Amino acid sequence: MKNICESIIIENTQLTKDYWKLKLEAPTIAKNAKPGQFIEIYFNNSVKIFPRPFSIAGIDENNLVLIYKIVGSQTKKMTSWKTGEQHRILGPLGNFFQINNIGTNVLVGGGVGTAPMIFLRSHLISKGLEPKYFSGARNDLEYFPEEVKNSQLFISTDDGSKGFKGNVVQHLEKEIQNFKQPINIYSCGPKKMMEALKKLGQKYKIKVQLSMETLMACGMGLCQGCAIKTYSKNGEDKISLVCKDGPIFKAEEINFHG
Amino acid sequence: MKNICESIIIENTQLTKDYWKLKLEAPTIAKNAKPGQFIEIYFNNSVKIFPRPFSIAGIDENNLVLIYKIVGSQTKKMTSWKTGEQHRILGPLGNFFQINNIGTNVLVGGGVGTAPMIFLRSHLISKGLEPKYFSGARNDLEYFPEEVKNSQLFISTDDGSKGFKGNVVQHLEKEIQNFKQPINIYSCGPKKMMEALKKLGQKYKIKVQLSMETLMACGMGLCQGCAIKTYSKNGEDKISLVCKDGPIFKAEEINFHG
Amino acid sequence: MVDLTIKISDKIELQNPIMTASGTFGYGDELSTVINTNLYGGIVSKSLSLEPRIGNPPPRIVETPSGMINSIGLANIGLSRFLDEKAKYFQNYNGKIIINIAGKQDDEFYTILKKLDKIEWVHGFEINVSCPNVKEGGIQFGTDPEFMFKLIQPMRDLTDKFLMVKLSPNVTDIAQMAEKVQLAGCDAVSMINTLYGAAIDIYSGKPKINTVVGGLSGPAIKPVAIANVIKTYKAVDIPIVGIGGITTGEDVIEFLLAGASAVELGTVHFFNPNAVDEILQFLVSYCKKMNIKRLRDITGKAKI
Amino acid sequence: MVDLTIKISDKIELQNPIMTASGTFGYGDELSTVINTNLYGGIVSKSLSLEPRIGNPPPRIVETPSGMINSIGLANIGLSRFLDEKAKYFQNYNGKIIINIAGKQDDEFYTILKKLDKIEWVHGFEINVSCPNVKEGGIQFGTDPEFMFKLIQPMRDLTDKFLMVKLSPNVTDIAQMAEKVQLAGCDAVSMINTLYGAAIDIYSGKPKINTVVGGLSGPAIKPVAIANVIKTYKAVDIPIVGIGGITTGEDVIEFLLAGASAVELGTVHFFNPNAVDEILQFLVSYCKKMNIKRLRDITGKAKI
Ligand SMILES: Cc1cc2nc3c(=O)[nH]c(=O)nc-3n(C[C@H](O)[C@H](O)[C@H](O)COP(=O)(O)OP(=O)(O)OC[C@H]3O[C@@H](n4cnc5c(N)ncnc54)[C@H](O)[C@@H]3O)c2cc1C
Ligand SMILES: Cc1cc2nc3c(=O)[nH]c(=O)nc-3n(C[C@H](O)[C@H](O)[C@H](O)COP(=O)(O)OP(=O)(O)OC[C@H]3O[C@@H](n4cnc5c(N)ncnc54)[C@H](O)[C@@H]3O)c2cc1C
Ligand SMILES: Cc1cc2nc3c(=O)[nH]c(=O)nc-3n(C[C@H](O)[C@H](O)[C@H](O)COP(=O)(O)O)c2cc1C
Ligand SMILES: Cc1cc2nc3c(=O)[nH]c(=O)nc-3n(C[C@H](O)[C@H](O)[C@H](O)COP(=O)(O)O)c2cc1C
Ligand code: FES
Ligand code: FES
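Chains as they are written, first to last, in numbering that gives the first Met the number 0: chain A, 0 to 257; chain B, 0 to 257; chain C, 0 to 303; chain D, 0 to 303.
By construction, these hints were calculated from the structure, which means they are not laboratory data. Each hint should be verified, as a subset may be incorrect.
Calculated cross-link-like contacts (lysine to any residue; reagent style SDA-like; alpha-carbon spacing at most 20 Å) [said to hold, decoys possible]:
(1) C/K302 x D/Y202
(2) A/K20 x A/K81
(3) C/K287 x D/I201
(4) B/K30 x D/V33
(5) A/K249 x A/I182
Keep in mind it's a predicted model, so treat the numbers as computed, not measured.
Please model the complete structure; the sequences and the hints are all you need to start from.
So this is what it looks like as C-alpha cells:
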C-alpha cells in the first residue's frame, strides 16, 4: 500500500566521489517494500517541480536505505541534507522482482542500478538463497557493493581498473556455463547493458527481469508521462508505464528500438 | 561605484525572535558604502527570481553588516546561511543621506528601518556629531539598537512594553522642543511613520529625509519597476525610481496618497 | 462555521470548489489509497475517447522552470472499458463526477455524450476542444470561435446535464471563445488548458517531447490563467472554472477573486499529492481570518 | 578558435548572438560600471516614443513562479532627450545599437524612424507592436495580421537600415504574423514579447499590477518562446531573434537550434547582471565540445 510521509533523515554519507547513501525513517513504507520497488522524494518549492524516483536499496527495521549518485540539481541538493531533517516521500511504488527458488539467481547491476540489486540480494539471502552478483562499471571510481561476499561477487570495469576487464555482460557470459540451471537474471542499469542482457537471455533461453528507468512526473500512474515502448504477449507494439506497469519488466517485453 | 561580488559570510546570528544580523566580506562595497545605501542579495536558481534589497547597517573594515527580519521565503532561507559560504551581492546602490554638521541630527527608525539608522549613527559619531536616536516598535519583541548610549536613545512601543508608550513620532514631538535648532530628521520605517514625520516636518519647518521601500527587480535602474509617486520641485506629479533616485528622498518629494 | 460549498450553475453544487484537472489524476481511483479522494468537490476524468488510445510515443514529459511540458496524446482506455472498470469506484464516490470528452471529429464527441448522458453517476461533462480535428486537417477545435461553436452547439440538445467547455489559452482572445460557449447554451467554461511549449536537448538536438510542441502547465502558467479568468469574467455571465498552476490555498483564493466559481488542480498532484488537504485547511482559515461566511461570495470580488 | 559571429540578415553582423532585450537593460549605459557591456553583440534600447512618457503608476512589477509580471507602460525619456543624453555613450559603444520604437499611432512610429534613420550610431530598429493603438480604441497593433501589416509596410520605405518587428505571443498563430513581417520587406522578426499575466493580492483584493493585466517574462516562459521560434522558423525565411526566459548558455543554444539567429537577454539581467559573461564562456566551451566551428551554423538544426 502506497504511503506518503514525512520521513526523517537518519544518515546521509558519501560512499565514493559521486555516490551517497541515504537512510530514511519511514516505517510504513519500510514494512511494505519489496525488492525492485522505488520511492519518490519530494523537493519543496523548487524550480524543478518533479519529485525524484529512487530504488529502495535496503530495509533496516523502520528505515529505508537509498544509494544515490549526483547527476543534477536535486541529487546535488540531497547531499546537503542533515540527520534529523524531514523530507516528504511516497512509496513503495511500482512492481517488484519475481523470485525463483530453484537454480541460480544472477543479479547484474551497473552504476546506480546497484541500488535495487543490493536489496534483492539481501532478500534472497534471507530466504537461504545464494545469488551471484555481477557488478559492472566504467572504472573503479564508480560504486561497488563491497559488502557482498567475495566468492559470489563478480566485478568488471570497462578499463580493467578493477576486476574483469570488459563489460558486465561479457563477464557474465564467460561465467554462465558454470552456473546451475535454471538460471534467472535480475538486472538494473544502463539501457545498453540491459539490451545486451535481453540478447543473452534469448541466446541461452534464460529468464531475464529488467528494471527500467525513465523520467517520471507523478510516480504513481496519474500522468502517463513515464511511458516506454513495449511488446504485448503476442508481440504487438504497446506502451507501458514504468511507474505502474514496471519498473520491472520481462526482457522480452521491452522494445529497445522505440 | 557599484560592484558585483561573491561575498563571504563572516557571521549570521539571531538577534531576537525574527531579527538576524549578517556580516559579509565584500571589500569593494564596504569601501564605497555611505549611510542610506543598500545592497542586493542574489538567490541562485530560485522559484522567486528577484534579488532582495537590504540596507547597509554598518561597515566593519572589509565587511558589511546587515540586519534583516524574517518576513518571507528568502529572508527565511538566509537564516540557514553558514559562515564561509559565498553569496553574490551587488552594491552599494542608491543615493545616501545628506548630513548636516550643525544643530541636532535626529534619527528615527522603526522595525527593519533600524538598519540604515545604525550605520548613519556610527557615521555621525565618527564625525564627532551626537545624534538623537528614536527607535519605535509595536512591542518589545522587535529589535532595538541596544548599543546606542542611553542618553541619546529614545525608545517607544505602541503597547508600552518598552520605553515611551505610543508611536515614535509622538515620542519625538514630545521631545523636540528640547533639541537645538536647526533640527534635521533622518528616517526609515513603515509608511505610516514616515508620513507622520513628513507632517511633523511641515509643522515645525524641519528638514526630513526619508528612506523609501518598494518591491524591486533589478535594484539599479534597469527595469523601472520600483516606481513611486513623487512631486517635482514645483509640485507637479512625478514618478521616481526608489533604487536610483532614492532610496533617500526629501519628505516633501513623497506623494503618500499615490 | 465556514461554508465552502459552491455552485457551478444551478446544475452542480460541490461541497467545496476543488476539483481535479483532466489528465492529472488518472481515472480518479489511483490516488485513493494514498489520500482521501473524497476531499475533492469533484473529479474531472482523464479525456475520454470512444475507442482506446495508446497515446503518443515517449518522451512524453519534461520539466521546465516551475512547470512541465506534456504530450500524452490523450492516451486513455476508451469509453467502454472506462464504464466497465471504473463504475464501481465512481458509484461510491462522494463528490461530483465530470467526464472530460475529447474526440477527433464532431461525431465522436456526440456519441460519447449520448452514451454517458444515461449513466447515473456521471454528473456532467467537460468538453476538451484543444485536440486536433482529424477531418479538418488537424486544426484545433478550440482556436477558431465559429469552428468551436459548430462543434459545441449541438451538444446542448444531447444532454441536460452540466455541460462545460474547456478553453485553450493559445488564442488571441479567450473571452471571445467564452462568449461562444455561453451562446451555445453551455453551463460553464473552464480555463486554461496548457500553453504551447517546447524544449530541445542541446546535446542530441532532439526535441524533449515526441511531438516537438507539447502543453505547458504548472506554477509557471498561473499568471496567464489568472489574466484569462479576469478577462473572461468581464465578458460572460456563465460560471468559470479556473485551472492553471494552482499549488496552494492562496492560489485558489486568487482564482476565485479573479472570477472563478471553482477550480481544478492539475500538475500539483505530481509534486504534492496531498495538496487538496492543505488547500482545504487554508480555505477555512482564510475565511475565518477575513470574516467570510460563504466562500462562494468572493467570486469576482477582486478590486479591478 | 570558435567563431561566435552571426548575421541577422545581410545588414547586421554581430560579434556574438547575445543582445539585450528592450526594457530590461535601461538605456544601455546603466550597467556599464558593473559589467563589461561591450561583451554583448548588440544593445536593444528601451522602447522609445516621440515624447517622454512617465509610464504607469505603481505597482509595476511582481514576482511569479520563475518569472515576473511587469507593467512599466513604456516609460521613457522620449526621442530628443535620448539622442542628447545617450549619443556620447553609444558613439563609443563596440556592438550594434538597435532602437526599439513604440508609438501610440502609425505616425509616431514613422516620425521616430525618419529621425533615427539619419543617426549614424543607430544600426537598426526593432518595432514594438505590442502597444495599444490609441486611435483604434486601444487595440494592439500586434494582434491582427492585417492591422499590423498596415502599420509596418510603410516603414520599409523610410529606412534602409536593419528593420525588425517584435511579435507578441498572445495570438493564435504567431507564424502568420511573422509571414506578414516578411511580406512587408522587414529584415527580421524578434520574439517573444511578454505573455499576458495577472496576479491578485488575496488580502487586499487588489491586483498586484496597476494595469491589472501585465506582461509575464522570465524563465517560466522559455518553453513558450521556444515553441514559437520552432513554428516561425518553419514558416518564414527571414532571420528570427529569440527572446524569452533566457538564463544560461544552454538556453541560448536551445534557441539557436530551434531556429533563432540571435537572442536577447531580458529578465535575467535582474537576477544575474553578469549573465552575458557566463553565457559567452559557455558558448565557447559548447562549441569546442561539440566540435562546432561557427556557432551560426547550428541555427535551426534541431532534429525536428
Ligand atoms: C524507477 C527509478 C529508480 C531509480 N533509482 C535510482 C537510485 O536508486 N539511485 C540513483 O542515484 N538514481 C536512481 N534513479 C535515477 C534518479 O531518479 C535520477 O538520477 C534523478 O532523478 C536525477 O535528478 P537530478 O535533479 O539530480 O538530475 P537532473 O538535473 O534531473 O538530470 C541530470 C541529467 O541526468 C539525466 N537524467 C535524469 N534522470 C534520468 C533518468 N531517469 N533517466 C535518464 N536520464 C536521466 C537528465 O536528462 C540530465 O541530463 C532512478 C530512476 C528511476 C526511474
Ligand atoms: C531599499 C531597501 C532596503 C531594505 N533594507 C532592509 C533591511 O535592512 N533589513 C530588512 O530586513 N529588510 C529590508 N528591506 C526589505 C527586504 O528587502 C524585504 O523584507 C525582503 O525583500 C523580503 O524578502 P522575502 O523573500 O523574505 O519576503 P517575500 O516572500 O518576498 O515577502 C513576504 C511579504 O512581505 C512583503 N514585502 C516584501 N518586501 C516588501 C517591501 N519591500 N515592501 C513592502 N512589503 C514587502 C510581501 O508583499 C509579502 O507579503 C529593504 C527593502 C528596500 C527596498
Ligand atoms: C500530464 C498532463 C496530462 C493532461 N491531460 C489532459 C487531458 O487528457 N485532457 C485535458 O483536457 N487536459 C489535460 N491536461 C491539462 C490539465 O487538465 C490542465 O488544464 C493544465 O495542466 C493546466 O493546469 P495545471 O497547471 O494546474 O496543471 C493535462 C495536463 C498534464 C500536465
Ligand atoms: C521590466 C520589463 C520591461 C520591458 N519593457 C519593454 C519595452 O519597453 N519594449 C519592449 O519591446 N519589450 C519590453 N519588455 C519585454 C522584453 O524585452 C522581453 O521581450 C520579454 O521580457 C521576454 O524576455 P525575458 O523573459 O528574457 O525577459 C520588457 C520586459 C520587462 C521584464
Ligand atoms: S510517472 Fe506519472 S504515470 Fe508514471
Ligand atoms: S528596481 Fe529596477 S529600476 Fe529600480
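Against the structure, the hints come out as follows:
1. C/K302 x D/Y202: 11 Å, holds
2. A/K20 x A/K81: OK: A/K20 and A/K81 at ~12 Å, within 20 Å.
3. C/K287 x D/I201: 14 Å, holds
4. B/K30 x D/V33: Satisfied, since the Cα-Cα distance of roughly 16 Å is no more than 20 Å.
5. A/K249 x A/I182: Measuring from Cα to Cα gives roughly 14 Å; hence the hint holds.
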